[in-house]
Every structure is written in structure tokens, then in C-alpha cells.
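K.L.:
Chain by chain, the residues run as shown.
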Amino acid sequence: MQYKQINDDYFIHIEKNEKVMKTFTEFCIKNNISNAKISGIGAVKNTEVGAYDTLKKEYIKKKFNDILELVSFEGNITLNNGTPFPHAHVVLSDHSMNTFGGHLFETTIAAVGEFFLKKNDYGAYRKLNNDIGLPCIVLENKF
Amino acid sequence: MQYKQINDDYFIHIEKNEKVMKTFTEFCIKNNISNAKISGIGAVKNTEVGAYDTLKKEYIKKKFNDILELVSFEGNITLNNGTPFPHAHVVLSDHSMNTFGGHLFETTIAAVGEFFLKKNDYGAYRKLNNDIGLPCIVLENKF
Amino acid sequence: MQYKQINDDYFIHIEKNEKVMKTFTEFCIKNNISNAKISGIGAVKNTEVGAYDTLKKEYIKKKFNDILELVSFEGNITLNNGTPFPHAHVVLSDHSMNTFGGHLFETTIAAVGEFFLKKNDYGAYRKLNNDIGLPCIVLENKF
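Protein chains in written order, with my numbering: chain F, 1 to 143; chain V, 1 to 143; chain S, 1 to 143.
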């Protein structure tokens, strides 16, 4: 992984054969980034995505082993159990330009991974919400 | 809806059963946000999206009642008739990881809605363009 | 094309019949923008997208002549051979709300194109990576 930081903004190149979520997690831990916006594009392989079943309160999972374009990657970093935790949703496209998408568990860069990270001290952390069945973001103000 | 503001950046958690476009509109009116970039991810239900028919100058609309992953939400806030107006396009995915997309009319959070809003005083407003048939963004400089 | 700059942030309206990648390239050259994050939404026509074949080291290309919603556009500006070069991936949707996606070669605005550009002097440039077969981003720091 290569990167360049300008104030709170990071330009990040996750390189071939590196795992995206593992890299973001380790980078944020090492650099004390507890809250951030993350986004990017690339080409990936061995991708596991999911869809949340709100009734069963569990993820339906699907694995895409082929090399696919990462056409959209959008998400955030928050603290979960005191540790930086990346949450991202992705859209993938195949060689026929058909698309697939979901909650990203993990994916590995197949060619390039070009991301931006903007950190900000929002004080956001995740707390288990029993109604939803997921650790949900807690923020200071209500509207 | 929960939020935290740091200068011009907002981290926003639109909560279960809250409407996304209604929440953005009301939040921007209340907080005098006339121009902003908005983006995010989540899980939604009762979603109405559209595609603009440029010949008939009207939107073709489609309703998705099922709970879907909101895999991409990207848009902006501008003034329309003097009022903050959110314009966003979305990509949705189902339990088979198939995707759908379009112009977002409205959607309701089914689990979580995690968004970022970055405000900026661009002075952008919308004005009806008769050729296109839509209120289009007007900005100060031409290139 | 209309735009408004606030410090390092640009709100950009690429107008009907203007080409998106050509416009970004020319605008960045004229305004000395060598590195930036770009994103946006709109409605487009005559769109050429691709998927990178990592074995043949060439793009598979596909042309969509119809008017489609640009539901996601995410990318960056870096220097390639000393010149500002836009790299973007897109998701498109048709009148049935079905989606397609890939690496964007070029597209023309059919109704509106609403984009944000955030410049930053990351010092990022592209250098041919023979293993991958593409000019890949080089950044100052390794992780």
C-alpha cells in the first residue's frame, strides 16, 4: 500500500494482492484514525459481499472469485469495541459490464485500488442495537 | 437522525423508519445548508427510483418495496425555489447481490443509513431549463 | 460547463452535449489541477465503458448509445506523462432501472452532469507497471 497525507486527506493506492478491508483496518489502527469517510475504485478478486436479512438478523453471503471491476466503493471508519472498523458497500462489474453489489466483507486487489480517506474526529462509535441486530453508529446530536 | 458536525463536514446516521430525502431536506432547512455534497450507504425499503425520459420530459418511475442494500448514494444539495433541495442517484442490491439503480425520489431506512454531508457556499441554485425540462444547476463561472 | 470554486473544492455542472472526460481533462490542464478526487451523477449518452482483462493486459470495451442515468461516477485526477489524467468508474441505469458498469472511457451528457472535484497536492503520478500492464499511481509513502 502506498499513500500520501495532506492534513486530514489521504490518497491511498492499495496494491495488487493486498486485501482492502484488512489494509484499511491496519492503516487506521497504526495512524490513530478512528473516524473517516472512505471511497474509491479499482479491480478486485476473491470478493465476499453480503445482504443483511433484517428478519433473521444475519448476512446472506456470496463469493465472487473472478476478477471484477470495483466500480463503486463507499463507506466509513468508526470505532467498534474501541478499534477502527471499516464499513463499506460496493458495486462490482464483470467482463459483460453487468453489475453486482452488497456489503463488503473482504476483497483482494487484482490490478489497482485507488482510494481516498478523509478523517475527522466525529467521536462516532458503534453500539449493538438489539432491534436491528447490528452494531449501529452513535453520534452526539439528535435531530 | 443522529449527527455530528465538524466545521463544514457532517456525519449523519439516518435511523430505521426515517425517510432519507425528507430528512435531508428538513435538516438542511433547519441548519441553513443551501449547498452540499451528500453520499452514503445503508439498508432501505419502500424505495422509489426513476429514469428521466428526455423526449417526454418526464420520469419513468419504479417502486421497490423489499428491503435492499443501499450500495451507493451520491448527490448534492442546491437551492430550488429558494429552498434546500436534495438530488441523489442510488444503486440498490437485493439478496442475490443483483443491482438496480436510478434517480432517487424517496426511500426509508430499513436498518441503518450512514451518510456524509459536506457543505460549501457555492451559491448554486436550480432554474428551469426548457430544453431539458428540468430545473438545472446554475453556477457563477463558465468554462 | 459551469463551475464555482471555494478553496480546493469545485462544484461543476457539465452541460448537455459536453463530453465528461474531455471536459475534466481540459479543465484540469487550464486550472493546473494535477491531483483531485472527482465524483458525481447525471444523465448520459454515447457511453463507452470497459473491463480490464488482466491476462491479455487490455480492456474489453462496450458502447451504450442509449440515454442512461449516471447513478455513480467516482474517480481521481493524477498526472500521466506530466498531464492531468482523469480515471473514473461508473454505474449506469436504464429505463427499467437495470444497471451496468465499468471503467469509463468517455460519455456525453444527455441532460445534466453534476460533479464535485476536490483538489489536493498529493504529488501523485502514474508510471507503467509491467506486471499489471497499466500506468499505476505512485505515492510518496509505503505502508
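No lab work stands behind these hints: they were computed from the structure.
There could be a bad hint or two in this list.
Because identical chains share one entry, a pair is satisfied inside a single copy or across any pair of copies.
[Unchecked claim] For lysine-lysine, the following DSS-like pairs were computed, each having C-alpha atoms within a straight-line distance of at most 25 Å:
id	residue 1	residue 2
1	Lys57	Lys30
2	Lys63	Lys127
3	Lys30	Lys19
4	Lys63	Lys119
5	Lys45	Lys142
6	Lys30	Lys63
7	Lys63	Lys22
8	Lys61	Lys30
9	Lys61	Lys45
10	Lys142	Lys119
11	Lys57	Lys127
12	Lys119	Lys56
13	Lys19	Lys142
14	Lys4	Lys63
15	Lys45	Lys119
16	Lys4	Lys119
17	Lys16	Lys30
18	Lys45	Lys62
19	Lys127	Lys16
K.L.:
A separate judgement is required for each hint: does it hold in the structure or not?
P.N.:
Evaluated hints:
1. Lys57 with Lys30: neither (32 Å within a copy, 35 Å between copies)
2. Lys63 with Lys127: Classified as neither; 28 Å inside a copy, 32 Å across copies.
3. Lys30 with Lys19: within (16 Å within a copy, 37 Å between copies)
4. Lys63 with Lys119: neither (30 Å within a copy, 36 Å between copies)
5. Lys45 with Lys142: between (40 Å within a copy, 22 Å between copies)
6. Lys30 with Lys63: neither (29 Å within a copy, 44 Å between copies)
7. Lys63 with Lys22: Within one copy only: 17 Å inside a chain, 35 Å across chains, cut-off 25 Å.
8. Lys61 with Lys30: neither (29 Å within a copy, 40 Å between copies)
9. Lys61 with Lys45: For lysine 61 and lysine 45, both the intra-copy (16 Å) and inter-copy (20 Å) Cα distances are at most 25 Å.
10. Lys142 with Lys119: Close inside one copy (22 Å) and across copies (19 Å); limit 25 Å.
11. Lys57 with Lys127: Within one copy, since 15 Å is at most 25 Å while 45 Å is not.
12. Lys119 with Lys56: neither (34 Å within a copy, 38 Å between copies)
13. Lys19 with Lys142: Answer is between: at 15 Å across copies they meet the 25 Å cutoff, but 36 Å inside does not.
14. Lys4 with Lys63: Neither. Shortest intra-copy (32 Å) and inter-copy (35 Å) distances fail the 25 Å Cα cut-off.
15. Lys45 with Lys119: Classified as neither: same-chain Cα gap 27 Å, cross-chain 30 Å, threshold 25 Å.
16. Lys4 with Lys119: both (13 Å within a copy, 13 Å between copies)
17. Lys16 with Lys30: within (21 Å within a copy, 33 Å between copies)
18. Lys45 with Lys62: both (13 Å within a copy, 21 Å between copies)
19. Lys127 with Lys16: between (34 Å within a copy, 15 Å between copies)
Violated hints, listed in ascending order, are 1, 2, 4, 6, 8, 12, 14 and 15; each of the other numbered hints is respected by the structure.
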